[in-house]
Amino acid sequence: LPTLKQTEEEEEITLFPDRRNKIINIWQGSEPWGPELLGNGVKTIENSGCLLTSITITENFFKKKNKTPLQNNDIFKNANMFFDSSPSLKTHDAIRYLKMVADENKKIKNGQISEMKNRIIETLSSGGLIIAHIDWDWDKPADHFIVIHSKIGNEFICADPGLGKTVSIDTE
24 LPTLKQTEEE
34 EEITLFPDRR
44 NKIINIWQGS
54 EPWGPELLGN
64 GVKTIENSGC
74 LLTSITITEN
84 FFKKKNKTPL
94 QNNDIFKNAN
104 MFFDSSPSLK
114 THDAIRYLKM
124 VADENKKIKN
134 GQISEMKNRI
144 IETLSSGGLI
154 IAHIDWDWDK
164 PADHFIVIHS
174 KIGNEFICAD
184 PGLGKTVSID
194 TE
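Everything in the sequence shown is counted per the working numbering, starting at 24 for the first residue and increasing by one.
Treat the hints loosely; a few may be bogus.
Result set (DSS-like, lysine-lysine): computed pairs, CA atoms no more than 27 Å apart in a straight line [claimed, not checked]:
#	residue 1	residue 2
1	Lys122	Lys188
2	Lys100	Lys122
3	Lys188	Lys140
4	Lys113	Lys188
Please keep in mind that the hints were generated in silico from the structure rather than gathered at the bench.
With the hints as extra help, turn the sequences into a complete structure.
Printed below as a string of structure tokens:
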């Protein structure tokens, strides 16, 4: 994961460290859903299902469910939550369809590290989770989704559906 850096001293904050044991990590490539087609497209959940899997992880946490990405894939297809002939999910519509809240139009551009960290801390402090669209390669558009669920010291703790495990992002 990219390392985010800030030169100013920051107060060490710990938010929801117990969530680390309550978030169920899901690997988007697991059987039986990994090889299934994502939405209406030709890509599989394993190759392109990080957003779908992040939404599933979030729904399972808040609603105390045990759904799979395949179940949500079918629900979203039947509800027309994918763009035509595409694996692209209508993100905010899908989240609202599951009766969760999406904080729309809250984009933070590269270079606004302080603002990004503050927004994440604010959301975690209010009890929320963040489905973050991140860059693996700073020279390309954002290409992966993760779920940020807690902060311990200088690290944001995340569920990464591409790996199916917990990862951390160092904010120093």
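Verification of the supplied hints:
1. Lys122 / Lys188: Holds, at about 26 Å.
2. Lys100 / Lys122: Roughly 17 Å between the alpha carbons, so the hint for Lys100 and Lys122 holds.
3. Lys188 / Lys140: Holds, because 22 Å separates the two Cα atoms, which is no more than 27 Å.
4. Lys113 / Lys188: holds, 25 Å
Going down the numbered hints, you'll see the structure goes against none, and every one checks out.
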